[in-house]
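There are 2 protein chains.
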Amino acid sequence: MKKPRIGFQGELGAFSQEAVQKLLGDAAVVVPYQRFEDVFKSLDAGETDASVIPIENTLHGSVHENYDHLLNYNVRIVAETNVRIVHNLIAPVGVRLKDVRRAFSHPVALNQCLDFFVRHPNVEKSTFYDTAGSVRMVVNEGLRDAAAIASSVAAEIYGAHILKRSIEDDRRNFTRFFLLNTKKKRVLPPQPTSPVWKTSLVFSTSNTPGSLFRSMSAFALRDLNLTKIESRPLRGKPWEYLFYLDFNGSEGEEKVQNALRHLQELADFLRVLGSYPEGD
Amino acid sequence: MKKPRIGFQGELGAFSQEAVQKLLGDAAVVVPYQRFEDVFKSLDAGETDASVIPIENTLHGSVHENYDHLLNYNVRIVAETNVRIVHNLIAPVGVRLKDVRRAFSHPVALNQCLDFFVRHPNVEKSTFYDTAGSVRMVVNEGLRDAAAIASSVAAEIYGAHILKRSIEDDRRNFTRFFLLNTKKKRVLPPQPTSPVWKTSLVFSTSNTPGSLFRSMSAFALRDLNLTKIESRPLRGKPWEYLFYLDFNGSEGEEKVQNALRHLQELADFLRVLGSYPEGD
Numbered sequence: 305m306k307k308p309r310i311g312f313q314g315e316l317g318a319f320s321q322e323a324v325q326k327l328l329g330d331a332a333v334v335v336p337y338q339r340f341e342d343v344f345k346s347l348d349a350g351e352t353d354a355s356v357i358p359i360e361n362t363l364h365g366s367v368h369e370n371y372d373h374l375l376n377y378n379v380r381i382v383a384e385t386n387v388r389i390v391h392n393l394i395a396p397v398g399v400r401l402k403d404v405r406r407a408f409s410h411p412v413a414l415n416q417c418l419d420f421f422v423r424h425p426n427v428e429k430s431t432f433y434d435t436a437g438s439v440r441m442v443v444n445e446g447l448r449d450a451a452a453i454a455s456s457v458a459a460e461i462y463g464a465h466i467l468k469r470s471i472e473d474d475r476r477n478f479t480r481f482f483l484l485n486t487k488k489k490r491v492l493p494p495q496p497t498s499p500v501w502k503t504s505l506v507f508s509t510s511n512t513p514g515s516l517f518r519s520m521s522a523f524a525l526r527d528l529n530l531t532k533i534e535s536r537p538l539r540g541k542p543w544e545y546l547f548y549l550d551f552n553g554s555e556g557e558e559k560v561q562n563a564l565r566h567l568q569e570l571a572d573f574l575r576v577l578g579s580y581p582e583g584d
Numbered sequence: 305m306k307k308p309r310i311g312f313q314g315e316l317g318a319f320s321q322e323a324v325q326k327l328l329g330d331a332a333v334v335v336p337y338q339r340f341e342d343v344f345k346s347l348d349a350g351e352t353d354a355s356v357i358p359i360e361n362t363l364h365g366s367v368h369e370n371y372d373h374l375l376n377y378n379v380r381i382v383a384e385t386n387v388r389i390v391h392n393l394i395a396p397v398g399v400r401l402k403d404v405r406r407a408f409s410h411p412v413a414l415n416q417c418l419d420f421f422v423r424h425p426n427v428e429k430s431t432f433y434d435t436a437g438s439v440r441m442v443v444n445e446g447l448r449d450a451a452a453i454a455s456s457v458a459a460e461i462y463g464a465h466i467l468k469r470s471i472e473d474d475r476r477n478f479t480r481f482f483l484l485n486t487k488k489k490r491v492l493p494p495q496p497t498s499p500v501w502k503t504s505l506v507f508s509t510s511n512t513p514g515s516l517f518r519s520m521s522a523f524a525l526r527d528l529n530l531t532k533i534e535s536r537p538l539r540g541k542p543w544e545y546l547f548y549l550d551f552n553g554s555e556g557e558e559k560v561q562n563a564l565r566h567l568q569e570l571a572d573f574l575r576v577l578g579s580y581p582e583g584d
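Protein chains in written order, with the working numbering: chain A, 305 to 584; chain B, 305 to 584.
Hints may be right or wrong, so weigh each one.
Unchecked claim - Keeping only pairs whose Cα atoms sit at most 30 Å apart, straight-line, the calculated DSBU-like set for lysine-lysine is:
| hint | chain 1 | residue 1 | chain 2 | residue 2 |
| --- | --- | --- | --- | --- |
| 1 | B | Lys488 | B | Lys532 |
| 2 | B | Lys429 | A | Lys345 |
| 3 | A | Lys532 | A | Lys487 |
| 4 | B | Lys489 | B | Lys532 |
| 5 | B | Lys541 | A | Lys532 |
| 6 | A | Lys541 | B | Lys468 |
| 7 | B | Lys541 | A | Lys429 |
Bear in mind the hints are in silico, worked out from the structure with no lab data behind them.
For reference, chain A alone in the conformation it holds in the complex (with noise of 0.2 Å):
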């Protein structure tokens, strides 16, 4: 059997290659695109079998660009993960830590990681535009006094060395991400990662006074749990807002079905973007 092509941002090594791993063992086939856009354009023209995206960090909230490709790509929702976000200081082979003048890393990254640089004032932060990208980079270019930061894969897959592993200031640090299917093709993790389902919807309602709590009483009235609210502006319409929900229940359940045709009374647009087990 022909194993999937996930398609993913970033460089090889990134936290999304990660995210692909722990959905999908070593059953899939990794694709990395710059950007964003090309993880669902790809995805919509058939170049990649299945997507995973980070949707959210419990350090810096949504990555909001891809709730606005989740609606404007048709794309579903079938999985989700969270994975801890380890950093570690990563140099080709030979190089030692007190070899080390420079730590190469993205910007969010480096800023994550200021108590290993209170403790070694010796090495420099420097800027660079990917995590395992720098590791790449450090190991290309055979620097003997610099380092990268980025996850364990990213050494591995460069062939470079972990000098100190989680050297991150917070380890409550997590991305969940999304395992994304179109119409055409199914690609779902081998088991359920749990018994527990959650579906998420994106909808707007008219702009009048209690209309998002009434929206929110479709579920509240049937002891659905909303995990997750976002909004978003809604184009064209200065000042008024999609609205994302996650909540818990599968499309499946009756309950859900009757808080969805409420919703559906209530909204000017809804669509349900996917349900799926609760992700680990």
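Could you slot chain B onto chain A? The hints should help.
The following block gives chain B in isolation, referenced to the frame of chain A:
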């Protein structure tokens, strides 16, 4: 009387400076800072008398970083205003449209003028770190084949020439700005912009079914119209959120005081960020 010093992020001529002018007229001295955090820090330290910050844009959504700073610094929102984002093609005096081969600007601004680049295939998009800063650069370098894309205020400040006005693709591009005060000083617009008031607050609730719905009932049951809801991750509690609400009404009204007391009963945490006249 000494003019108040107003901090904002960006170079002189940034859209934030237009917001300062719209809010306070010429009765203010503007103080530019590189980062949003510096704008909050300097206000906190008394280096400035007030600050103006962008909080959301009708095409791009919220400026999430500033939502976080509103929580972390002890500031009050005392006014808001909406600025239409008009992008102009600006060049050093003497440079004509047909001479222009490159247009410099911030990537977001370049992306908001795609139609212009389609109609002018000889002009290349060149990214720069700032809109107003790109005007300063083309003027200071005396470039004869380049222009910048920025506000008309930037053209004025750097003595440059507007080659083409309003080249943005979508005219429904507005940014909403807040005027912030601390407890020490009051810097207010000369007159309220509207008889309708708004109040902004931030709260968190326990993560139990229906808790957000019950919190919103404090407003819905009193016919107080929510105009915005924004969620941000709660630090240290993965997958829990802070909610930022804006609603019509002022803290001075009894109905609003009742709603806030009701919300206080339900919330783990609540802070009112300010009441202010609705912006024009």
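Under the constraints set out in the numbered hints, which ones does this structure not fulfil?
none
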